[in-house]
Every structure is written in structure tokens, then in C-alpha cells.
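Here the protein sequences line up with chains D and Z, keeping their order.
Each residue of the first sequence is one higher than the one before, counting from 1 in this note's numbering.
Each residue of the second sequence is one higher than the one before, counting from 1 in this note's numbering.
Among these hints, one or two may not hold up.
As the list claims (entries may be wrong) - The list that follows gives simulated cross-link-like pairs (lysine-lysine, DSSO-like), each with its CA atoms no further than 30 angstroms apart:
#, chain 1, residue 1, chain 2, residue 2
1, D, Lys401, Z, Lys267
2, D, Lys401, D, Lys493
3, D, Lys493, Z, Lys143
4, D, Lys234, D, Lys401
5, D, Lys401, Z, Lys143
6, Z, Lys146, D, Lys234
7, D, Lys493, D, Lys426
8, Z, Lys267, D, Lys234
9, D, Lys426, D, Lys401
10, Z, Lys268, D, Lys493
11, D, Lys234, D, Lys493
12, D, Lys234, D, Lys426
Simulated from the structure, these hints should not be mistaken for lab results.
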Amino acid sequence: MTDLSDPEQVSRVHEAALHRAGELGCRQAEVRVERIRSQAVRLRDGRLETAADDLEVGVGLRVVHDGSIGFAATVAPTAEAAAELADEAVAAARATSVALGRLVELADEPPHGDVTWSSPYTTDPADVPLADKVALLEQWSRRLLDAPGVDHVTAGVLAVSEDKAYADLAGTVARQHRVRIHPVVEALALDADGGFETMRTLAPPVGRGWEYLHGDGWDFEGELAQVPELLAAKLAAPSVEPGRYDLVIDPTNLWLTIHESIGHATELDRAMGYEAAYAGTSFATFDQLNELRYGSPVMHVVGDRTTEHGLATVAIDDEGVAGQSFDIVRDGVLVGYQLDRTIAAAMGFARSNGCAYADSPLHVPIQRMANVSLQPGAGEGPTTEELLGGVERGIYILGDKSWSIDMQRYNFQFTGQRFFRIEGGKLAGQLRDVAYQATTTDFWGSMEAVGGRSTYLLGGAFNCGKGQPGQVAPVSHGCPAVLVRDVRILNAKAESGR
Amino acid sequence: MSGRAENLPPAAEVVETALEQAGGEGCIVLVEDTSEAEVRFANNTTTTNGVRRDRRVTVISLQASGGGTSAGVARRAGPADLAELVAAAERDAAGSPPAEDASPLLTRAEAAGPSGDFGAPPVLTHLSVLSDVLTGLAEAFDKAKKEDRVLAGFAEHRQSTVSLGTSTGVRLRHTQPTGSLQLVARSADGTRSAWTGAGTADFSDVTIEAMDERLTRRLGWAERRIELPEGRYEVVAPPEAVADLMIYLLESASGQEAEEGRTVFSKKGGGTRVGDTLAPLPYELRSDPAEAGLQCAPFLTTAMSGPDDSVFDNGLPLGRTTWLEDGRLERLRYHRARAALSHAPVAAPIDNLVLELPGAEGSLDDLVARTERGLLLTCLWYIREVDPATLLLTGLTRDGVYLVEHGEVVGAVNNFRFNESPVDFLGRATEAGTTVRAIGREFGEWYNQTAMPPLRVHDFNMSSVSPAS
Numbered sequence: 001m002t003d004l005s006d007p008e009q010v011s012r013v014h015e016a017a018l019h020r021a022g023e024l025g026c027r028q029a030e031v032r033v034e035r036i037r038s039q040a041v042r043l044r045d046g047r048l049e050t051a052a053d054d055l056e057v058g059v060g061l062r063v064v065h066d067g068s069i070g071f072a073a074t075v076a077p078t079a080e081a082a083a084e085l086a087d088e089a090v091a092a093a094r095a096t097s098v099a100l101g102r103l104v105e106l107a108d109e110p111p112h113g114d115v116t117w118s119s120p121y122t123t124d125p126a127d128v129p130l131a132d133k134v135a136l137l138e139q140w141s142r143r144l145l146d147a148p149g150v151d152h153v154t155a156g157v158l159a160v161s162e163d164k165a166y167a168d169l170a171g172t173v174a175r176q177h178r179v180r181i182h183p184v185v186e187a188l189a190l191d192a193d194g195g196f197e198t199m200r201t202l203a204p205p206v207g208r209g210w211e212y213l214h215g216d217g218w219d220f221e222g223e224l225a226q227v228p229e230l231l232a233a234k235l236a237a238p239s240v241e242p243g244r245y246d247l248v249i250d251p252t253n254l255w256l257t258i259h260e261s262i263g264h265a266t267e268l269d270r271a272m273g274y275e276a277a278y279a280g281t282s283f284a285t286f287d288q289l290n291e292l293r294y295g296s297p298v299m300h301v302v303g304d305r306t307t308e309h310g311l312a313t314v315a316i317d318d319e320g321v322a323g324q325s326f327d328i329v330r331d332g333v334l335v336g337y338q339l340d341r342t343i344a345a346a347m348g349f350a351r352s353n354g355c356a357y358a359d360s361p362l363h364v365p366i367q368r369m370a371n372v373s374l375q376p377g378a379g380e381g382p383t384t385e386e387l388l389g390g391v392e393r394g395i396y397i398l399g400d401k402s403w404s405i406d407m408q409r410y411n412f413q414f415t416g417q418r419f420f421r422i423e424g425g426k427l428a429g430q431l432r433d434v435a436y437q438a439t440t441t442d443f444w445g446s447m448e449a450v451g452g453r454s455t456y457l458l459g460g461a462f463n464c465g466k467g468q469p470g471q472v473a474p475v476s477h478g479c480p481a482v483l484v485r486d487v488r489i490l491n492a493k494a495e496s497g498r
Numbered sequence: 001m002s003g004r005a006e007n008l009p010p011a012a013e014v015v016e017t018a019l020e021q022a023g024g025e026g027c028i029v030l031v032e033d034t035s036e037a038e039v040r041f042a043n044n045t046t047t048t049n050g051v052r053r054d055r056r057v058t059v060i061s062l063q064a065s066g067g068g069t070s071a072g073v074a075r076r077a078g079p080a081d082l083a084e085l086v087a088a089a090e091r092d093a094a095g096s097p098p099a100e101d102a103s104p105l106l107t108r109a110e111a112a113g114p115s116g117d118f119g120a121p122p123v124l125t126h127l128s129v130l131s132d133v134l135t136g137l138a139e140a141f142d143k144a145k146k147e148d149r150v151l152a153g154f155a156e157h158r159q160s161t162v163s164l165g166t167s168t169g170v171r172l173r174h175t176q177p178t179g180s181l182q183l184v185a186r187s188a189d190g191t192r193s194a195w196t197g198a199g200t201a202d203f204s205d206v207t208i209e210a211m212d213e214r215l216t217r218r219l220g221w222a223e224r225r226i227e228l229p230e231g232r233y234e235v236v237a238p239p240e241a242v243a244d245l246m247i248y249l250l251e252s253a254s255g256q257e258a259e260e261g262r263t264v265f266s267k268k269g270g271g272t273r274v275g276d277t278l279a280p281l282p283y284e285l286r287s288d289p290a291e292a293g294l295q296c297a298p299f300l301t302t303a304m305s306g307p308d309d310s311v312f313d314n315g316l317p318l319g320r321t322t323w324l325e326d327g328r329l330e331r332l333r334y335h336r337a338r339a340a341l342s343h344a345p346v347a348a349p350i351d352n353l354v355l356e357l358p359g360a361e362g363s364l365d366d367l368v369a370r371t372e373r374g375l376l377l378t379c380l381w382y383i384r385e386v387d388p389a390t391l392l393l394t395g396l397t398r399d400g401v402y403l404v405e406h407g408e409v410v411g412a413v414n415n416f417r418f419n420e421s422p423v424d425f426l427g428r429a430t431e432a433g434t435t436v437r438a439i440g441r442e443f444g445e446w447y448n449q450t451a452m453p454p455l456r457v458h459d460f461n462m463s464s465v466s467p468a469s
């Protein structure tokens with residue numbers, strides 16, 4: 001069996017696949033040898049419920065043969081199997097060419113030679129014994145369970161350690177190691193009437209190691225100390241009166257709105273109809289590039305595969321393209337899209353901006369999201385308090401929960417973890433049952449102010465879904481706190497007719 | 001495919017070797033061999049196409065600890081180093097507290113009976129399974145181009161063979177073929193769209209031609225466009241839309257979580273709503289490994305414990321399980337340990353789901369013909385939970401909502417965002433048709449084997465208009 005920690009053995013797998021693909025007449029071929037360690041631990045009321053330790057190893061080869069794409073993959077990472085992959089990928093390209101309506105081309109990318117890169121971290125979570133993980137989550141759970149008013153606690157952590165060795169016929173060879181982690185703790189309180197409320201930690205998933213759970217990048221101790229009191233207040237809070245409100249939205253909630261209404265909407269493969277059967281298309285059609293008024297003039301959105309600790313950060317993407325940073329919305333106007341090499345060539349771009357990704361060696365790379373982030377205002381201000389000060393009657397929203405958006409990324413609805421009433425520029429207690437609903441361009445067009453650098457936070461998710469067969473991608477979204485005027489608020493209980 | 005398959009040792013050999021190497025109180029070994037072939041297409045051309053071969057080996061080690069039994073689970077892909085894998089599982093078991101879901105491993109006599117040839121090689125698929133689909137696509141693309149239509153979709157076929165062995169002598173094997181074909185047709189200007197999808201075991205019962213004809217009919221309906229506001233409407237929900245809502249309902253039917261007071265199935269004051277009537281119509285919602293046309297594994301395999309699933313229950317015989325009977329909540333999901341604690345029957349997950357109203361007859365078209373005024377849906381999309389207490393879900397209509405008046409479709413309506421609970425949805429249904437195999441647009445990817453009737457439901461909550469088309 002191939003030892004994936006041995007560069008020479010990995011090179012032999014690369015060479016076998018690419019050499020055979022070249023022999024078969026492929027002009028382009030990319031091979032990935034991957035080793036992905038995923039660990040999940042979950043406790044319920046302080047007792048271990050789930051512990052999984054998964055190691056995925058495999059080889060995936062994509063070829064372009066006579067303008068048709070073929071992909072083949074195996075979990076047997078040997079040179080012999082890799083050479084067979086080339087035959088199978090070419091056979092797939094040939095078989096499906098009977099229904100090929102357009103020849104596939106890839107946008108040019110210069111070869112980058114040998115590249116070695118690692119995301120920044122101190123302790124790889126895969127190296128932390130399960131007992132230590134359980135012990136820390138037990139301690140966190142116990143702390144909440146001991147607090148008055150907390151009836152149940154779930155605590156978990158997902159951690160991934162990913163090694164990807166990429167090579168292509170053009171001559172790029174990239175060995176990349178990425179680590180990411182997502183701890184979540186949720187407390188639940190029951191009321192006397194049979195109702196309940198939950199309160200979850202707001203800590204985002206990040207491209208960091210185990211040190212994240214010990215204070216490097218997030219104050220878990222401080223947040224856990226607040227949860228019981230916040231939960232009790234939420235349980236006692238009044239249900240929101242539906243209507244239109246001004247919103248101050250914290251980055252812990254807004255990252256998801258950015259993800260759904262900007263991140264996906266500005267994927268050019270979607271806009272051109274290549275996800276029409278699954279993820280959907282986009283209202284931000286290509287003919288509106290440099291013209292579409294996406295939002296207010298304070299809106300500046302950047303796609304970036306180089307963000308420190310970003311979940312979509314890489315040195316080289318899964319088509320051999322170097323990680324880049326590029327504008328998507330500038331001064332409120334659509335000025336760019338996320339691209340892979342296929343869509344870049346099809347739409348006349350000279351180069352891809354590096355947004356190809358496959359979530360597994362067994363999946364073909366497709367266009368996936370960069371770290372798409374809303375930029376803060378120039379300088380330090382305004383602060384969140386200053387944004388709140390500009391609201392006479394509104395709601396301050398923190399933390400993500402439920403999310404949904406239509407297939408063209410127009411109509412969305414989000415809830416959250418914590419909702420505070422704003423009266424006269426000040427917080428005036430929590431609310432329950434809040435959901436906000438809007439149309440993308442109306443919402444971003446009503447964004448009156450963005451907070452300064454002091455309010456900026458990198459949120460994100462491990463589980464962005466796209467493609468058929470389905471793939472999940474990790475991605476981060478940075479943003480400041482923002483002030484958005486006149487947004488429709490629903491009462492979730494009333495929506496159910498109760 | 002066959003060449004690389006031979007690079008992997010036989011599953012039975014992997015099971016026996018891992019069990020031989022394992023120590024402790026017990027051991028479970030799962031080998032999952034998967035072979036897949038797929039064709040994706042959009043804009044009247046094939047796009048990403050391929051084949052893949054996967055193997056996952058899971059070792060679950062059981063160790064005595066603290067007066068109980070702890071479990072360690074490790075999983076590896078491909079030709080796993082079994083000594084390393086067993087050691088990893090044993091290390092995790094040693095590092096874990098006693099498992100809350102611990103139960104004695106099933107014996108050979110207690111587990112499901114003989115199932116398959118344990119030593120046989122895995123069943124593989126090949127892209128040739130999709131050759132008729134590809135031929136059909138080539139013809140459909142030509143036709144679509146001439147008629148200013150654009151086709152997109154996905155066809156996939158999978159053969160999954162699972163082999164289970166335990167230190168108590170259980171040896172079980174099951175092969176599950178699954179496939180699906182989905183097709184979307186849009187007018188070239190993007191203003192009209194329609195979707196259809198089907199689950200299939202071998203693609204002998206689906207054709208691109210028939211699906212394309214269905215979509216052409218619907219695009220024709222959409223030539224007349226009618227704008228309607230948000231509000232509550234009578235809807236005729238096709239089996240595909242019903243499937244997604246029923247899947248979510250079942251996935252929310254955790255016995256333990258209901259007892260904890262945190263789901264729609266929690267009883268006010270404590271306990272669960274088992275026994276409560278949820279719907280006035282006498283529906284049956286069931287899962288059954290022997291369901292005709294939807295056969296699935298007759299024994300449980302799971303590599304991960306959760307509130308309702310337990311690794312200790314691997315090999316558990318699965319039989320017909322009725323979740324709703326006569327419209328009454330009959331069962332919630334429990335693994336053995338929790339069921340014993342709660343004095344409830346064990347109810348493990350089964351890989352199919354059927355909703356049926358005894359005696360109901362009629363197709364979707366028949367329900368439309370009996371509609372005075374209402375909305376005919378195509379499918380639901382981006383379904384997410386808003387409120388677990390009511391199981392309020394939000395989501396959107398997609399690829400075709402049609403106004404029906406006096407028994408006929410009179411045009412296409414704008415899309416809507418809905419806010420609805422599947423429990424209330426069932427409760428407000430006034431008529432059902434014949435149950436047929438149908439695949440949910442949203443969850444069918446993971447829950448391929450569902451059979452549902454079309455339903456008529458009044459006061460469906462269309463919360464706002466979606467401009468998407």
C-alpha cells in the first residue's frame with residue numbers, strides 16, 4: 001500500500017496517472033492523492049453519545065479528452081490503480097461524448113512548479129487523544145448543567161485534518177495540509193408550559209487547531225459563563241411582534257446571509273445555468289456584470305482564497321490555480337464572479353480566480369466558494385454601540401440558526417440565536433421567535449452602515465452543499481456588524497398558525 | 001472497475017482478520033463497498049461524468065470500563081491497515097467513558113437470519129448502466145435546441161454492499177442498488193422551468209423521452225403567467241413534495257429527544273405524544289425492508305451512535321415498522337438501550353418510507369381534475385427547520401407552481417416561500433391519491449426509497465412571494 005506521508009510514493013501515483021492520461025491523448029489531466037482525517041465527538045448532558053474517527057484515502061483523476069470531461073477515482077492509492085484510473089476516466093469521457101453539446105476547455109494557468117503549504121495551526125486535532133476531547137467537552141457541559149435553569153446540554157466538536165497532493169500535466173505539483181475545527185455547545189431550558197428555548201455558542205468554525213478550544217481565537221470560557229443567564233432571559237422574553245424593523249446584525253449572524261445571498265449568487269457556473277438542476281441559478285446574471293446595483297454604496301465584497309484561518313484558504317486550488325483575492329461587489333455594484341477554469345474559458349476570462357475544489361478524492365472538482373467577505377468601514381468605527389445608537393426601534397441579532405433561500409438567491413429567511421430589542425438606541429431585553437425575510441438586493445440596498453474593523457469577525461461553515469453527487473465545502477465569511485433599515489420580521493410561532 | 005476491485009481484499013477476509021486481531025469485550029466490523037457511475041448535464045450538454053469505487057472499513061471495539069462498556073469507533077477507506085485500525089478503535093474505547101447506549105451484542109441467533117452469500121465479492125456498477133440515458137439525452141438535447149428549451153439534470157447509479165461481522169458470530173451481507181434520474185427543462189429565456197425526478201434500481205423503468213414529454217407539457221402550462229400574492233392556499237402536493245416533508249417528520253421522531261421535551265412529539269407536562277391522533281385521515285406511515293419495489297437491508301448497520309441509533313445494535317433484524325397508524329402517532333425511534341429505559345418498543349432506522357391512505361385512489365391528475373381552485377406544486381426546496389417545538393419548516397416552491405381552476409391548470413404562478421409544519425400539513429390534508437414511488441427533490445439524494453400519495457391540503461402557508469423563476 002502507498003504510504004501517503006512518503007513524497008516519493010505519492011509522486012509515483014501522480015506519475016502513473018498522468019503518464020497514462022498523456023498516452024491516451026489527454027491535453028489536460030489533474031490527479032489528487034488525498035488523506036482526510038475527520039473526527040466527530042458529541043456529548044449529551046455530559047455523557048459521550050458519539051465518537052467517530054474517519055480516515056479517507058484515495059486518488060481522483062480528472063481528464064479532458066477531445067473536449068469531454070471524464071473522472072475516475074479509487075480508494076486504492078497505488079501506482080497500478082492510478083494508471084487504471086486514466087483508462088477509466090478517458091472511457092467515461094468517450095462514453096458521455098455522445099451527448100456532448102459543447103467542447104470543454106480550461107482557461108490557461110501557468111505552471112507553479114513544486115508548492116508546499118500548510119494552514120497555520122499549533123496542534124493538529126487529530127493528534128489529540130479522544131479522552132482529552134471528551135474531558136474538555138464534559139467540563140463545559142457540566143458547567144452549564146450545574147447552572148440554574150439549564151435542563152439539557154449538547155456539546156460537540158468536529159475536526160478535520162486534510163492532506164492533498166495535487167499534480168497536473170502542466171507541471172504544477174502542490175502538497176497542502178489544512179486543519180479546521182468547529183466546537184459547538186448548546187443549552188436548553190424548559191418552561192412550565194411545555195415550551196423550551198435553546199442557546200448555542202457563537203464561536204465560528206475556523207482554520208485553526210486544537211488550541212482554538214483553549215482560547216486562541218475565541219474566549220470559550222467567557223462565552224460559556226454568559227450562556228445560562230442569556231438562556232434564562234430568552235426563555236422569559238416576549239414573543240416578537242411581526243412587522244418591519246431596523247436591524248443591527250452581528251457578524252455571527254450576517255456571515256450566513258452573505259454566504260447565501262452573495263457567495264452563491266456570484267458563482268458564475270450557477271449564473272450560467274450549470275447548477276440549474278440542483279443548487280439553482282442566480283439573479284445576478286452575467287449580462288449585469290458591472291451594472292447590477294447589488295446593494296448600497298457602503299457594500300464592498302471580496303472573494304479571497306488567501307484569508308488567514310479561512311476555511312476556503314489554499315495556496316493552489318484543485319485545478320492548479322494559485323489562490324487569489326478579487327472584488328465581487330464594489331461600491332454596491334456587481335464587479336466580479338467566482339470562477340473555475342471551465343467557466344472562465346467558456347465566458348472569455350483570461351484566467352480562473354482559483355475557486356475549484358473537490359471535497360473528497362472520490363469527487364470531481366467543481367467551482368466552489370472562496371472566502372467571500374463584506375469589508376468593514378475605513379478606520380475603527382463605527383462600533384456596534386454606535387450602530388445601535390442609530391436605531392430608534394429595531395432588533396439586534398446574533399448567531400445563526402435556520403436559513404433558507406430560493407434557487408435564484410432572491411428570497412431569503414433567517415433566524416438566529418439571540419435577539420435583543422433596540423429602543424432609542426439602547427438594548428432593551430431579548431425577544432423570541434424572530435425570523436427575518438427579505439429579497440437580496442432590497443436587503444443589501446437598505447444597508448445604511450457597516451461597522452469598523454473593531455466589529456469584524458470571520459464566520460463560516462463546514463457544510464456548504466453543491467453539485468451532484470453532492471459535495472460539502474468548508475468556507476469562511478468575514479464581515480463587520482451592519483445596520484440595515486426596514487426589514488420584514490416574522491413571528492415563527494405565528495407562522496405555524498399557533 | 002473489476003480490475004481495481006481485485007486490488008482490495010475480499011470483505012469477508014477483512015471482517016475475519018479484524019475480528020481475529022481484536023481484543024476486549026467484543027468487536028464489530030463493517031465493510032461497505034460502493035461502486036458508482038454518474039452523468040451530469042446542463043445547458044444541453046454533458047458536463048462532469050465519472051465512475052468511482054469506494055470501500056470503508058469500520059471497527060467498533062468494546063471494552064469494559066467503569067462498571068459498564070465503552071465503545072471506540074474507527075473507520076478507514078480503501079485497503080485499510082487492519083492492525084492500525086483495530087488499535088485505533090481499541091485506543092478510543094479505552095479513552096471513552098461507559099457508553100450510555102450499551103447493550104449486549106446480538107448473537108447469531110438473535111440477529112437477522114442468513115442474508116446473502118457472505119463470501120461473495122461486492123456487486124459493482126458501470127457507466128454502461130446509463131447508456132440508454134446517454135442516448136436519450138443526445139436526442140433530447142437536439143430536440144430541446146430546436147424548441148428553445150434548455151435541459152439540465154443528473155443520472156446516477158450505485159451498488160452498495162455491506163458486510164457485517166461481530167465477535168458474537170453474526171455474519172450478514174446485503175447489496176443495495178439505488179439510482180435516480182432528474183431532469184429540469186427551462187425555456188431559453190429562463191422565465192419558465194419544470195422538474196421531474198425518479199428513483200430506480202436499474203434504469204429499466206425510466207426514460208429520458210417520457211420525462212422530457214412531461215416537462216414539455218408543464219412548460220406549455222407556464223406560457224400563461226399569473227401573479228398571486230402571499231397567503232394561505234389550497235394546494236395539491238405531488239408525491240415528490242410529500243416525500244420531502246415526510247422524511248423530515250420521520251427524522252424528527254427521536255424518542256429520547258421527545259422525552260426531553262424538545263420536539264414536536266413531546267407531550268406537554270412530560271412524556272411523548274405516542275398515541276395522539278395527528279391527522280383526521282387514517283394515514284399509515286411505515287418503513288418495511290420487504291416493501292415491494294423498495295426493498296432494503298433487513299438488518300441494521302451503523303458506524304455511529306446517536307440519540308436513536310446505537311453501534312451496539314448492529315445486526316438488529318428490521319421488520320415492518322408503523323410510525324403512524326390510522327393517523328395516530330404509533331412509534332418513535334429508539335435504540336435498544338434507550339427503549340429499555342423508556343419502556344418503549346425498539347424502532348431502528350429503515351432505509352425506506354411509505355405514506356398511504358388505505359382505500360385512497362387517484363393520480364395527481366385526478367386530484368387536479370377534482371380541484372375547484374388551488375395551487376398545483378411541483379416540488380419543494382431549501383427546506384430548513386425554523387421552530388422545533390412545532391416542527392415549523394421553511395422552504396420554497398421550485399420549478400413550477402400552477403393555478404388550477406375548475407379542474408384544469410390555467411397557468412403558472414410565481415414561486416413562494418412557505419412556512420409549514422409537516423405535522424400540521426398532514427393534519428390539514430383533506431384528500432389523498434394512490435401511493436406511488438417518488439423521490440423528494442431536497443432529501444431524495446440521501447433517502448432514495450420513498451413512496452407517497454399526492455395530497456390535497458388546505459390553508460398551506462405561502463409566507464411570501466419569491467421572484468425566482
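Results for each hint:
1. D:Lys401 / Z:Lys267: OK: Lys401 (chain D) and Lys267 (chain Z) at ~24 angstroms, within 30 angstroms.
2. D:Lys401 / D:Lys493: holds, 16 angstroms
3. D:Lys493 / Z:Lys143: Judged against 30 angstroms, a Cα distance of about 49 angstroms means the pair is violated.
4. D:Lys234 / D:Lys401: holds, 15 angstroms
5. D:Lys401 / Z:Lys143: Judged against 30 angstroms, a Cα distance of about 45 angstroms means the pair is violated.
6. Z:Lys146 / D:Lys234: violated, 59 angstroms
7. D:Lys493 / D:Lys426: holds, 26 angstroms
8. Z:Lys267 / D:Lys234: holds, 22 angstroms
9. D:Lys426 / D:Lys401: The given pair, whose Cα atoms are some 24 angstroms apart, holds under the 30 angstroms limit.
10. Z:Lys268 / D:Lys493: Holds, because 16 angstroms separates the two Cα atoms, which is no more than 30 angstroms.
11. D:Lys234 / D:Lys493: holds, 15 angstroms
12. D:Lys234 / D:Lys426: Satisfied, since the Cα-Cα distance of roughly 17 angstroms is no more than 30 angstroms.
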